[in-house]
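Here the protein sequences line up with chains E and D, keeping their order. The opening residue of the first sequence carries number 1 in our numbering; numbering runs sequentially from there. The opening residue of the second sequence carries number 1 in our numbering; numbering runs sequentially from there.
None of these hints come from the bench; they were simulated from the model. C-beta: ideal position from N, C-alpha, C; glycine also. Heads up, a few of these hints could be off.
[Stated by the list, open to error] Residues on chain D that point at chain E, a partial pick, calculated with CB under 8 angstroms:
| hint | residue |
| --- | --- |
| 1 | Pro21 |
| 2 | Met104 |
| 3 | Tyr119 |
| 4 | Lys123 |
| 5 | Glu312 |
| 6 | Phe315 |
| 7 | Leu319 |
[As the list claims (entries may be wrong)] Residues of chain E placed beyond 10 angstroms of chain D at every Cβ, according to the derived structure:
| hint | residue |
| --- | --- |
| 8 | Arg12 |
| 9 | Glu63 |
| 10 | Ala217 |
| 11 | Ser228 |
Protein chains: 2
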Amino acid sequence: MNIDMIEAAKKRLKGHARVTPLLSSPFIDELAGRRVFVKAETLQHTGSFKFRGAWSAVSAMEEATRKNGVLAFSSGNHAQGVALAAKNHGVSALIIMPTDAPKMKIDNTRALGAEIVLYDRIKESREEIGEKISKDRGLTLIKPYDEPQVIAGQGTVGLEIIEQAKELDVDAKNLLVCCGGGGLTSGVAIAIAHYAPNILVRPVEPVGFDDVTKSLAAGKIIKNKDGSGSICDAIVTPQPGDLTFPIMKKYCSAGLVVSDEDCLKTMAIAYSRLKIVLEPGGAVALASAIFRKKDIDDGDVIVIASGGNVDEGLFRSALQKYGNSF
Amino acid sequence: MNIDMIEAAKKRLKGHARVTPLLSSPFIDELAGRRVFVKAETLQHTGSFKFRGAWSAVSAMEEATRKNGVLAFSSGNHAQGVALAAKNHGVSALIIMPTDAPKMKIDNTRALGAEIVLYDRIKESREEIGEKISKDRGLTLIKPYDEPQVIAGQGTVGLEIIEQAKELDVDAKNLLVCCGGGGLTSGVAIAIAHYAPNILVRPVEPVGFDDVTKSLAAGKIIKNKDGSGSICDAIVTPQPGDLTFPIMKKYCSAGLVVSDEDCLKTMAIAYSRLKIVLEPGGAVALASAIFRKKDIDDGDVIVIASGGNVDEGLFRSALQKYGNSF
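Excised from the complex, chain E in its bound form (with noise of 0.2 angstroms):
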């Protein structure tokens, strides 16, 4: 992995992902007590980076390799980039989904045309399950974050924040960023590390799911010792990638760490002040700016607002318990 890759595959997006906006409010900076900027990638298509990743591993395939198809497994996300990458380049995808993923996200990837199998998150391996699949039928597994091409794509969030903080005078020491197996933080940390190194760049999860926050201060992976159990349902994942990890520890500072009600509370601070919509693994890293204030280094903030696919009622909840408290 290299920023060589990022850039090759920033060439591969153009004109296929959307280069969303950092967007800001001065209410949220009140609330956050300093200038936060917003990378709101929940504006990508399929809501969420998750396309970046998905195009450039599908983009890079050789022609004759990708024609038998792809295969992918994921809570969702990585789902929707998949199933709307491979439609858009002609080819089909086979998708293994847990059986509690969010509606929304099993009816958009189906939607998209991709097939669905679907898996018991506690007691079946999705990595065994794809692997067979995978071998019997002829179709290519592109993981959701221990693949160097998808976490080249998502570097490229990386690369179009520099240009764009440029353009506001954004002074930031910390650029936070929303994390399950890693593939963004990697990506992002290597395009950082090589642009605008001054800025440290942090992984984000919620709590009893910050395996990555506790692998960094180990040293060594850690993993979770629950499988389930956070409405950041996009981001619990058992442990770092073995590719993303070694990345993350090269390049990255100290976790942060937010609980499932201050991500509810984003949420309805995103809707109101913002206007995007945010699911609640999406919303880690701007709860960080706001909750966790204490913990990040002074100055400017850039947080990385990384999907909004969740399901209404959700979201519902969220805007009815704190609509009306900021």
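With chain E fixed as given, assemble chain D onto it according to the hints.
Quick look at chain D alone, frame taken from chain E:
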């Protein structure tokens, strides 16, 4: 009013107003039966395009006049735009708002540092109140639409659309604009007539408040019967402006009319498919693309999503009713 004023406004807005993205979704394309491109002005500072016109007007004032402060009357979006533009220019703002304006709009305008005077939308004339205070206190009135520099600022939305549509290979015959007094519609119409004369600009209004549609059909200004009664508060104006109507008459094609219920549906669709928050009045143009498709010329269509300042209760009810319907 001419294109040079819009180009000049663009220069004054650079670095202050946000270049908002032109969004799309395969799901919305399917609902509309064509490609739909959504200019997301809900992502503009203060949550609506109104910041552009406000910044344009405040930045165009002579310094000696500006320092005495500005005054505006508005149901809330122009209010917030003027409040922030004044604040960022270091001058005071007094805003006259109807008592029935959404709570969020009143709160935000106050939080942006403006002084608020409330009036009764039915019994009192905001124009009369405004002119009196303006005279008494030496404040410069910035009208919400019948003001050349405001129209020029709103017209910059059209300049951006032309550029972005070119990048995305959009081939549209209709550009649909949420229309109240006609400031946005007339500004955009001048820009489009100059740079993309093949695109027809069409105002969109809520049922019962289709004064522009009726006036365009009659060739003369026709007032609405009622003063209130639509959820589309942002675009419920008594009649087209004296300045904006001749421009719309010269450059615009027939108007379109949508129901409040279609606006609620569209808010739910924009939530789930674009991840943006729309207020009812900011949703009418997209609503017409989806629910009035037979009345729109064939080919791609571009719509402006003009604002997103909606109280959370109303937004929740839109999601509850229609969140799972599309």
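Going through the hints against the structure:
1. Contact between D:Pro21 and chain E, as hinted, is supported at the beta carbon level, the nearest pair being about 6 angstroms apart and thus within 8 angstroms.
2. A cut of 8 angstroms between beta carbons decides the hint on D:Met104: the least distance to chain E is about 7 angstroms, and the hint holds.
3. Residue-level restraint check for D:Tyr119 is violated (minimum Cβ-Cβ distance to chain E is 24 angstroms; threshold 8 angstroms).
4. Annotation: D:Lys123 was flagged as interfacial toward chain E, and the flag is violated, the nearest CB pair being 29 angstroms apart, outside 8 angstroms.
5. Here the hint on D:Glu312 is kept, as its CB sits about 3 angstroms from the closest CB of chain E, short of 8 angstroms.
6. With a cut of 8 angstroms, the hint placing D:Phe315 at the interface with chain E holds, because the nearest CB-to-CB distance is about 7 angstroms.
7. Against a cut-off of 8 angstroms between C-beta atoms, the interface hint on D:Leu319 holds, since the closest Cβ of chain E lies about 4 angstroms away.
8. E:Arg12, annotated as away from the interface, keeps every beta carbon of chain D farther than 10 angstroms; the closest lies near 17 angstroms.
9. No beta-carbon of chain D comes within 10 angstroms of the beta-carbon of E:Glu63; the shortest separation is about 23 angstroms.
10. The beta carbon of E:Ala217 is kept farther than 10 angstroms from every beta carbon of chain D, the shortest such distance being approximately 33 angstroms.
11. The claim that E:Ser228 lies off the interface holds: its Cβ sits roughly 24 angstroms from the closest Cβ of chain D, which is beyond the 10 angstroms cut-off.
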